[in-house]
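Engineer: Read top to bottom, the protein sequences are chains A and B.
Going letter by letter, the first sequence gives residues 1 to 441 in this note's numbering.
Going letter by letter, the second sequence gives residues 1001 to 1144 in this note's numbering.
Check the hints yourself; a few may be wrong.
[Stated by the list, open to error] Which chain A residues stay away from chain B? Per the calculated CB distances, all over 12 Å, these:
#1 THR346
#2 ILE349
#3 GLY370
#4 ASN375
#5 ASP394
#6 SER407
#7 ASN413
[Said to hold, decoys possible] Partial selection, computed: residues in chain B whose CB lies under 10 Å from chain A:
#8 LEU1024
#9 MET1032
#10 SER1034
#11 PRO1068
#12 LYS1078
#13 ARG1080
#14 MET1088
#15 ALA1095
#16 LEU1096
#17 ASN1097
#18 GLU1112
#19 ILE1114
#20 THR1119
#21 LYS1129
#22 LEU1133
#23 LEU1135
[Stated by the list, open to error] Under the rule of at most 25 Å between Cα atoms (straight-line distance), these lysine-lysine pairs were calculated in the BS3-like manner:
#24 A:LYS398 / A:LYS425
#25 A:LYS337 / B:LYS1122
#26 A:LYS338 / B:LYS1122
#27 B:LYS1078 / B:LYS1052
#28 A:LYS428 / A:LYS398
#29 A:LYS418 / A:LYS428
Rather than coming from a laboratory, the hints here were simulated on the basis of the structure.
Just so you know, these numbers come straight off a predicted model, no measurement behind them.
The C-beta atom is built at its ideal place from N, Cα and C for all residues, glycine as well.
As a plain string of letters, each chain reads:
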Amino acid sequence: MRVQSIFILIPSLIGFFWFFAYSVFAPKDKLFSKLKRYILIVSFFFLFGFLSADPHAKMMLHFTLFEQVCALALVPCLLSYIYEYNGLTTRNLFHRLCNVLPFMHLIMGVESVYTAGYADSVQIYIDANTAHGPMFPYLANQGQMVFYACYTYMFGTFLLLNFLLFAINLMSCAINGNCRPADLVRFYFKRNSRVNLGPVMYFENLVMLLVIVPALLLGRKCYVDNTVITIAACLFLATFVFLIGLVGSAGYSQKISLNGLLRRIRFGDEQESDAQTVSEPDLTDTPSAPVHKYASYAALDDAQGMIAEPSALDDRAPGELFDESLGLEFEHFMLEKKVFLRNELTLGIVSEHLGVSKDTLCVYMDTTYGMSFSNYLNMLRVEYAEQYILDHDDATQKEIAVACGYSSASAFNSAFSKLTGVTPKIWKDRYSEMSRRNKTS
Amino acid sequence: MGIYNILDADLSEYTVLVADDIELNLVMVRKMLSRYNFNVVTAQDGREALDKIAKYKPALLLLDLMMPVMNGFEVIGKVRSDDEYSQMRIVVLSALNASESVVEALTMGADEFITKPITMQKLYDSVSKQFELILAMGADAKEG
């Protein structure tokens, strides 16, 4: 099991039982009777968090965007609610907002867990100067949940603590990065760009702080005092958190593992992360620092050994060491039997054959070959095609495509051109002469 | 000296050049070689490979044959015609598996021929073997 799933599962479960128990056994005075309903709902919110804590999420970017849309959608609802019940004044606007913000913060806590865990999958890298990496806001948010629980228990309000925790978050973001609008734009619109996590959280918290400070100045101790809006908001947010999990579990990470996280935190090894994206591989002229790379590789091995743990559901957890014999088996399966030429071959088939999870195989692909399974497969097929084209002068494109594992000539052409930079025809013209010369010499 | 000794050896003064026109191959080989502690530089065509050879003077050249601008055979020819690089080891990594190509490459001066697809075993065996020779030659030169 991955560390990030443990971090989300355990707090969620604890949160659920704690809140649930409290809502049942709390003293029955006026304040707590209101609070009780609210806490009961919060406990289910935690339960939803637990249910949705799928460790296989990779679409952090998508659900971050989704969260923003939901947050925006919440604004008119809130305004409409405030207007209907109290008339729209600055004072009660902030009060109402403060009632909802804790939920927002819980969401952010969940988000941070994902963010920290899946930083790699959206190519968020850790600044070399940042020893803590994304763990800091991540832990800060975990801390928030605990503080919320304690503070709620003692005072029945979230407000003051909100301020404190925003400050913590802000500090963590200040450590993690700067706040450049360009980074935010890149973050949202360029999926594969490598951006720092810091600016995003910094920006979010800054905006929320602008709400909280006036609320502190204008407001008084506030607690949830309207059951309808509380239930609506909680259900909405709980559903939303659940959706996060669904969106996340729609795919699975090809890249992130505890190893990667540890490696980065320990060594700030950006060299490795550069090599992960095929679109921008690290092919610079400068020779890479050898000693550093070697050290990090050795330490990575140590880390892998350290965190390996058996799982009842899966033979190998994603972070577990993909041992050498299995590596050989993988290559044997793919290459010796030329399985890669079979059109129906998928990651699932290979992982099943090897008796490992898809995640394990993905992590293995990344750490060993520096690319995804599909890229690896395309590479093998195109290499095979190179020889095949030269050997089969009169073969049609369709025949070549099928022989090389593609379902259509266009799919083959596209893959071939993408890898070699030229179409199969140009390639053939270019090298058939060279090949013929060798054969006759 | 076996593979594990080569892995442990301090090779930080050595550079290995990998030349291949397919970027993914470069990414993969670079990744695989990251377990050694020598420097790795890459080139995507024959001309660039020659430029990098002149610039970095690699101890080992991992060379694809079918590359644009200048193919691998031409690179081998150029390198072997220059005395300065007579000690450089050349391992050909190619999808060409016709025996004529293998013979041609070896005749022209390549030290080893690995047929693609590249596997970890093939690559590690070859690189370790080549570096055993490189280190041995280095030791001989020092003693001489």
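Engineer: Does each hint hold? Answer for all of them.
Structural biologist: These are the hints, each one checked on the structure:
1. THR346: A:THR346 is indeed farther than 12 Å from all Cβ atoms of chain B, at 19 Å.
2. ILE349: holds (18 Å)
3. GLY370: violated (3 Å)
4. ASN375: violated (6 Å)
5. ASP394: A:ASP394 clear of chain B: closest Cβ-Cβ about 18 Å, beyond 12 Å.
6. SER407: holds (21 Å)
7. ASN413: Holds, because the least Cβ-Cβ distance between A:ASN413 and chain B comes to about 16 Å, which exceeds 12 Å.
8. LEU1024: holds (5 Å)
9. MET1032: B:MET1032 check passes; min Cβ-Cβ to chain A is 7 Å, inside 10 Å.
10. SER1034: Where the cut-off is 10 Å and the nearest Cβ of chain A is about 5 Å from B:SER1034, the hint holds.
11. PRO1068: holds (7 Å)
12. LYS1078: Since the shortest Cβ distance to chain A is 16 Å, the answer is violated.
13. ARG1080: violated (17 Å)
14. MET1088: Constraint on B:MET1088 not satisfied, violated at 16 Å.
15. ALA1095: Holds. Min distance 4 Å.
16. LEU1096: Holds: closest Cβ of chain A sits about 6 Å from B:LEU1096, inside 10 Å.
17. ASN1097: holds (6 Å)
18. GLU1112: violated (18 Å)
19. ILE1114: violated (12 Å)
20. THR1119: Holds: closest Cβ of chain A sits about 5 Å from B:THR1119, inside 10 Å.
21. LYS1129: violated (18 Å)
22. LEU1133: violated (20 Å)
23. LEU1135: Where the cut-off is 10 Å and the nearest Cβ of chain A is about 15 Å from B:LEU1135, the hint is violated.
24. A:LYS398 / A:LYS425: Holds. A:LYS398 to A:LYS425 sits at ~13 Å (cutoff 25 Å).
25. A:LYS337 / B:LYS1122: holds (16 Å)
26. A:LYS338 / B:LYS1122: Since the Cα atoms of A:LYS338 and B:LYS1122 sit roughly 17 Å apart, the hinted pair holds (cutoff 25 Å).
27. B:LYS1078 / B:LYS1052: Since the Cα atoms of B:LYS1078 and B:LYS1052 sit roughly 13 Å apart, the hinted pair holds (cutoff 25 Å).
28. A:LYS428 / A:LYS398: Holds. A:LYS428 to A:LYS398 sits at ~15 Å (cutoff 25 Å).
29. A:LYS418 / A:LYS428: Holds - the C-alpha atoms of A:LYS428 and A:LYS418 are around 16 Å apart, at most 25 Å.
Of the numbered hints listed earlier, those contradicted by the structure are 3, 4, 12, 13, 14, 18, 19, 21, 22 and 23.
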